[in-house]
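Peer 1: Quick note: the sequence shown uses my numbering, first residue 23, plus one each step.
Hints in this document: simulated from the structure, not taken from any laboratory. Computed from a prediction, not measured in an experiment: that's the story for all the values here. Don't take each hint at face value.
Simulated restraints, written as ranges between beta carbons of each label pair [claimed, not checked]:
| hint | residue 1 | residue 2 | range |
| --- | --- | --- | --- |
| 1 | Val513 | Gly225 | 47 to 55 Å |
| 2 | Ile221 | Gly421 | 28 to 36 Å |
| 3 | Ser99 | Pro323 | 39 to 47 Å |
Simulated crosslink set (SDA-like; lysine to any residue; CA at most 25 Å straight-line) [unchecked claim]:
| hint | residue 1 | residue 2 |
| --- | --- | --- |
| 4 | Lys486 | Ser497 |
| 5 | Lys486 | Ile420 |
| 6 | Lys424 | Arg247 |
| 7 | Lys254 | Ile539 |
| 8 | Lys570 | Ile506 |
| 9 | Lys495 | Ile539 |
| 10 | Lys327 | Val340 |
| 11 | Lys578 | Val340 |
| 12 | Lys428 | Lys578 |
Using N, Cα and C, we set each Cβ at its ideal position, and we do this for glycine too.
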Amino acid sequence: MEDKALQMGKSSTVGSFFLLIGVVGSNVILALGTLILAGLLSDSELGLYSIVLIPSNIIAYFRDLGVNSAITQKIASLRAENKTDEIHDIVLSGIVFELVSGALLALACFAIAQPIAMILNRPDASPLIALMSISIFASAVVSAGSAIFVGFEKMKLNSFTQILQALIKTLLGPLMVFLGFSVLGAVLGAVVSVVVGGIISIGLVYFALFRPLRKSKVGACNIKRTLTPMLKYGVPLTLSNIVVGVLPQIFAFFMALYVSNSMMGNYTAAMYFAILVTFISFPISTALFPAFSKLNPEKEPELVKTVFASSVKYTALVLIPTTMLIITLSTPIVNTLFPQAGILSYLQNGLSGIKDFLFGVDIAPKFPYAPIFLALSSIVNLLVLFGHVSLSAFQTGIGKTKQMMKQSILSLAISLPFSYVIITYFGTFFSGAESEMFVIIGGILSVMVSTIPGMVWGLIWSWKKYRIKADFKNSAKIFTSSLIASIVAYVFVTVINASYPILLLTGALLFLVVYLIVTPLIGAINRVDIDNLKQMSSELGIISKIIKILLTFMQKFSKKNPEQNTFDIK
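All chains, full assembly: derive it from the sequences and hints.
Peer 2: Below, the structure written as structure tokens:
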């Protein structure tokens, strides 16, 4: 059992690494493009751009009805059972469904573009919303390809597609804005990148994965019969996706009714950094999905307990300090990358401009409200201490999507009226910039409320049914070590009078050093954990060497005799 757990840990770690390359690589590229766009667009134009994306983002979440998750789950389980001859129908049926649903919803978005723009009191956004409808169809192809790649554990192909799409968006969007197309140019960059990503995805799926399956396929594919169990599995996940993806967009829609484009620009800038944590959480949860799909909770209860608890602990060891670092340094982060004049203006002035940017202490921020939005929106990531990331991967992996649907209904029933009341209250009874700020904070609080009820029910359900849970004592230690590092870094950046870039760099380094020392000292990580992490990351190439250096440093401060609740999977 221990060997299997370690092998699953290695497989998930390698899968997470290549997914991480795609997520981090694409998001770093997109972040670069965002910096350029933020420098070229005014705060109001950036706010309008974010509002234009809301309708297509909402509609897109209703597109696949959970079929993409079913594709990944079915492919992973069939490969584990050596039933590769059945994968052909899963792939073909999934792609056909995505194409049809994507086309229908794209047409629907195009048809309602003008009414939506009128509701938002921004009639000039109508053609831009209509243009974004194309991305709904194209993203259907991209999503289907990604689900197939993950099911086959071809994370490199998934990363390649993500990075290519990000490159196109980063190059084309700012170029179009620079040429004078303003928000239209940014929208064109977003649409074209998704279209190209879809073409590349479907091509890779066909030539690398699907064509070999066709050679072993016997008989015709009955798409209806194949889709029926996939929809039975996937439809309950749609409500889960609504809570995770659609509700934040609905909250943003409510906010846009009461705030200016400028305040939405501040919120958008904050969200660009809030997704930094998804660089880690998304690849981890996605890689855990096929790992949990290979488990049988009834036949391997002890293995399930070990894998779940270990996944929570090791995920928290990375996600919690990342989250606390972002919260602590939210002001230096935002103001370093978004100065009032834009980074490009400093670069254009040569060495003197770079010197002013790096060492100037009086540089005005472009988005003054973004740091508080960033800090508040990051708090929800602390729920990983209770097993939030691992829970969704576990329930989806073992096929308990109906339970997930129930949890989502509970969260939906609580958060939707809460968001409407709190956003409407701030938007109606107050006025001015502070009122708009509280409207945004109300939307951020709504995101938190949408996450907690379903998670609590899911954790209770998992404990009662499978006796699995996070090790809360370890979680408390991890949070404590991160909190200590945060306090030290916060005091430092508050006391020191320096430029934002200097505060960001020195504050981050100080946080890292304190965390690496305190975490093993208080027993949040021990030598067994360090050995496990070294083995799990041993196949990550040059990254494994960097991880090994950090782990070796922590080992000098770790306890020699780990406690009994340590998860030794060697």
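Peer 1: Which of the numbered hints are not met once you compare them with the structure shown?
Peer 2: 3, 7, 12
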